[in-house]
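Given chain A's structure and the hints, the job is docking chain B onto it.
So you can see what is in the structure, the chains are spelled out below.
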Amino acid sequence: MQEIAILGSNDTRSGFGAGLLEAGQQNDNVVALCADLTGSLKMDAFKKAFPERFFQMGIAEANMMGVAAGLATAGKIPFTGTFANFSTGRVYDQIRQSIAYSGKNVKICASHAGVTLGEDGATHQILEDIGLMKMLPGMVVINPCDYNQTKAATIAIANYDGPCYLRFGRPKVPIFTAPDQVFEIGKAVTIYEGADVSIFCTGHLVWKSIQAAQALNEKGISAEVINIHTIKPLDEMAVLNSARKTGCVVSAEEHMYNGGLGDSIAQLLARNLPTPMEFVGVNDTFGESGTPDQLMAKYHLDVVDVVAAAEKAISRKK
Amino acid sequence: MPSTSELQQIASQVRRDIVRMVHAVQSGHPGGSLGCADYLTALYFQIMEHNPAGFTQEGKNEDLFVLSNGHISPVFYSVLARSGYFDVKELATFRKLNSRLQGHPTTHEGLPGVRIATGSLGQGLSVAAGMALAKKMDGDQHIVYVNMGDGELQEGQNWEAIMYAGHQKLSNLIVAVDYNKQQIDGNVIEIMSFDQLRNKFEAFNWNVLEMNGNDMQDILDTNVKAKALRAEGKPIVILMHTEMGAGVDFMMGSHEWHGIPPNDEQLARALNQLPETLGDY
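For the record, the sequence lines run as chains A and B. The opening position of the first sequence corresponds to residue 1 in this note's numbering, with each subsequent residue numbered one higher. The opening position of the second sequence corresponds to residue 1 in this note's numbering, with each subsequent residue numbered one higher.
Rather than coming from a laboratory, the hints here were simulated on the basis of the structure. If a hint is listed, it holds; no wrong ones were tucked in.
When the alpha-carbon atoms are kept at most 25 Å apart in a straight line, the in silico BS3-like pairs for lysine-lysine are as follows:
no. : chain 1 : residue 1 : chain 2 : residue 2
1   : A       : Lys48     : B       : Lys169
2   : A       : Lys317    : A       : Lys245
3   : B       : Lys227    : B       : Lys200
4   : A       : Lys47     : B       : Lys169
Bound-form chain A, shown alone (with noise of 0.2 Å):
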């Protein structure tokens, strides 16, 4: 089996940062908004190299999201910041009314999803906001696996006309994407080729997933594992296609299975082709605080849950 080359160790919200800063030197109406998270989102150097393009919006993430869509209209290209939490369940109306339903090219980029957020606790801690992103006519939703592809997935979506989601996580994890790649919206990598069973994985899962195939290989099983960064639009010829090759498939994101990737690709196959499947998520309940390590664990987001997942999916073929 060949072995994934790890390029380094960051955070995928340094890769959002490199990338707005990429984007804000290839096209003059890109523009930054945080609420008071500068530091946090790594959105300093954009503020430092186009500080009249940069606008500190305090801690008042609904007014963020106007001025952001009237910024819009204008013809300017708006990077809203804040953590994911605060930027889907605290002004849901306010992307609703003035983002999605009004069709503004508004990019809202949301660092700290997840329980990875860590010591903060629950509060701080969303596991909803795929769902709800996805469920808005026209967002487009996407959760990047580490540096090199947060800072490609950012440069993307400046350069597509349309309400974006762009989730991003808080601790260092493991580089392993190429530091040149293209990121094409909706276009799922296939990471490992493999015959017994497929892994949809999105954000921190995406590596989690690489480790379990290595540890199902050893177990001489075939594990094909595919990079789906763009929960919306679904990359459905990919799912299809492998879930028709294996026959069985499991999910894995750090996000609620409700709303998630794996409620996007269940309805999929529901629909077109009926498929045991697995999921590795958090059902149905809040964090708590901790280190990252120890959540993912507890939250049965780590490489082991989805070993057994791929397992148990394997056992459920006729």
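Chain B alone, transformed into the frame defined by chain A:
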């Protein structure tokens, strides 16, 4: 440039459009629409520099308007049609299936003249602040006008936006608060009062004017003052005293006509009070 009396005549037709639209579909919000008919007429027929024939979403090098209290869509649609954004005949489709004239204004159906969906209250001022910010960035000297309800000020997002616009010194933002002191459930003062509105805005670093929003000459004079005040480098709010239902005697002086349509007999009574000056749609 129409005279004051010509503007009053246009406003009379706008009021006829409002009551006829709401009557035709037996739904909609006549009270606030009638109250703001004079101000929106003045904006679209005299005050604003705008380009009905060449409408673009971006609206560069023209004045922009945001209707934050989107439920008074009948008056908005009427002034848009009457000033040339679309055919007045389309007013007959208001609130009907497959219409561009949705119950609340939206960009979603591509209606010229609308740049943001509104209706869920308290969001328009933030959007307008973003538009004003973009104009400042672009060196565009034009103004962003906002019409909002007074009851709408109970929404917290407005105070975020008021704080922000004051901090950013958005002097190209002129906001009219429809100060009719009524909301769906009754008098604003009984539901959740906000006395000292002038002091509240001034405390957030805004300049405050007051006018009678149902007196065309006062509207025009106050607007001249508002434009001059921009030199002071602050956003401007006009506390616009209006009568809900203004122009139709039996709809005035109460919140009862906030969101109910007239019946056939009431329509006839209303139209009797409103001269047909530009021809009904």
